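Protein chains in written order, with this note's numbering: chain A, 24 to 297; chain B, 24 to 297.
The hints are simulated quantities; they were obtained by calculation from the structure and are not laboratory data.
The structure displayed is predicted, hence computed values, not measured ones.
Just so you know, not all the hints are guaranteed correct.
To be verified - Covered stretches of chain A (chain B as the covering partner; in silico rule of three or more C-beta atoms under 8 Å from a C-beta of chain B):
1. 210 to 220
2. 249 to 263
3. 276 to 284
Glycine included, C-beta positions come from ideal geometry on N, C-alpha and C.
There are 2 protein chains.
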Amino acid sequence: MSVHRRRGQRPDGSSGKLLVIGGAESHSEEDDTILERFATLAGGATARLVVIATASESPADREKEYQAVFEGLGVAEAVPLRLEHRDQANSDHAVAALERATGVFFTGGDQLRITTVLGGSRADLTLHARLAEGLVLAGTSAGAAMMSSTMILSGQDAAVSTASVRTGPGMEFLPGVLIDMHFAERGRLNRLLSAIAMFPHELGLGIDENTAILVDGDDFEVLGAGSVTVIDAGLATAIRAPIENDGPIALCGVQLHVLPAGYHFDLAERRPRD
Amino acid sequence: MSVHRRRGQRPDGSSGKLLVIGGAESHSEEDDTILERFATLAGGATARLVVIATASESPADREKEYQAVFEGLGVAEAVPLRLEHRDQANSDHAVAALERATGVFFTGGDQLRITTVLGGSRADLTLHARLAEGLVLAGTSAGAAMMSSTMILSGQDAAVSTASVRTGPGMEFLPGVLIDMHFAERGRLNRLLSAIAMFPHELGLGIDENTAILVDGDDFEVLGAGSVTVIDAGLATAIRAPIENDGPIALCGVQLHVLPAGYHFDLAERRPRD
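Work out the full structure, taking the sequences as your base and the hints as a guide.
Given below as structure tokens:
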């Protein structure tokens with residue numbers, strides 16, 4: 024499986040699943056819907072999970088936190104893979120760990136740390152190859168944003184213009200989309216709309232906290248407590264996205280969907296499924 | 024002109040204009056676009072303006088503030104009309120002041136104070152009648168929200184469910200719409216979507232700060248620094264709006280428009296004008 028492919032197209036025959044979490048997913052026994060689904064999909068009692076906390080400034084804390092959660096969910100194995108430098112991401116050790124895994128989990132933090140450490144590395148190529156073979160790849164917050172083909176690097180939550188919104192290429196596990204997280208909680212509609220005004224070929228996905236999409240082929244299902252807001256500017260009749268000054272964007276005729284748990288969306292047809 | 028009319032229909036022959044401001048409009052000499060437009064429309068040097076600060080907890084401060092701004096803009100007259108109690112709103116004095124005015128300005132505060140003091144009063148009826156005769160009616164923040172047929176009374180800015188969003192009938196100067204203000208700044212998309220999920224027959228208008236719509240017949244024009252976000256759920260294919268519990272809404276197939284200054288929208292056709 025090549026990382027170079029036509030924009031918006033998932034590779035044919037990919038049997039892996041992506042679990043893209045909007046941040047702050049619950050770890051409690053009363054509500055571990057999302058993480059339990061991840062553990063189950065990765066094999067449950069036979070799951071071999073790898074936790075990658077590259078995005079975090081305190082990777083050891085995040086590794087311990089998720090190891091404890093996954094062990095509590097009864098998986099066979101939950102081990103951290105520390106990737107803080109590119110030589111680690113290019114190491115035999117990293118490749119072997121990812122080859123062995125049935126599920127890989129990326130923690131939150133700064134998405135740019137993930138791309139700068141992993142982008143184009145052997146770990147990156149291995150993850151894409153393993154995804155095609157059935158790996159379950161999960162990420163929360165920054166670990167979710169990086170899965171897209173275009174990710175938001177920074178920008179005011181309530182940005183009313185494109186001037187403050189910086190974007191760059193994501194790791195492209197889910198091509199054709201631009202993901203923003205902590206969506207309702209941080210009031211990020213305008214930030215996502217500003218990004219989509221610049222790049223209307225990308226489908227905008229705003230994922231609330233403790234909410235996720237489970238991507239399987241062209242379909243995604245919404246899990247968790249909040250909603251997923253889908254912004255489709257493909258048929259927009261007029262767009263203005265000034266980046267030179269601080270002027271506001273214009274977007275006419277955008278389709279918007281708000282999808283809570285249990286709803287499905289067809290990424291190829293770009294519409295909610297009946 | 025009757026205040027009782029079919030939902031969504033502005034009375035035929037209304038020659039008045041509405042200026043609906045999303046709050047925090049600039050008063051500075053460098054940027055007084057919105058308030059200057061109000062003064063000009065109301066007659067400029069011959070304008071007779073009335074300031075109503077009913078929504079405010081410190082009406083005297085607000086009255087002085089806007090009197091100073093409008094006098095600075097060179098109008099003939101800018102006087103406060105203090106309406107703190109219903110007897111004032113039903114007084115000959117109030118009716119006479121509104122009969123004399125060419126423009127009326129409602130300050131911000133709490134929109135429920137406007138409806139409880141003015142709703143159904145002689146001042147209310149006089150305002151509707153004068154609007155049909157050519158009055159320019161302006162309001163900011165709460166003074167904007169109250170102009171709609173349905174207004175949001177309270178609700179978390181980032182509400183992801185309908186449970187926290189309380190609505191009630193507005194003063195209906197602009198029927199068929201539901202207005203939210205401070206829109207981008209307070210990240211209120213989800214709050215507006217939650218309200219529209221319950222009442223998809225209303226057109227949702229989210230107006231940013233220092234931004235306004237100028238309504239003239241079926242047309243509105245956007246003024247100011249930010250944008251107006253239009254939510255049209257008329258053609259939505261599926262809606263779920265649970266109010267009994269805290270469950271999230273679902274909204275499939277909503278039209279969204281983001282319109283900055285200079286853009287026009289057709290309220291009858293529910294689409295941006297070319």
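To see whether the hints hold, each was checked on the structure:
Interface restraint, the segment 210 to 220 of chain A with chain B: holds (6 residues with C-beta to C-beta distance below 8 Å; minimum three). Proximity of the segment 249 to 263 of chain A to chain B, defined as three or more residues with a beta carbon under 8 Å from a beta carbon of that chain, is established by the 7 residues found. Coverage of the segment 276 to 284 of chain A by chain B holds. Counting CB-CB distances below 8 Å, 9 residues qualify, and the rule asks for three or more.
Violated hints for the displayed structure: none, as all numbered hints are satisfied.
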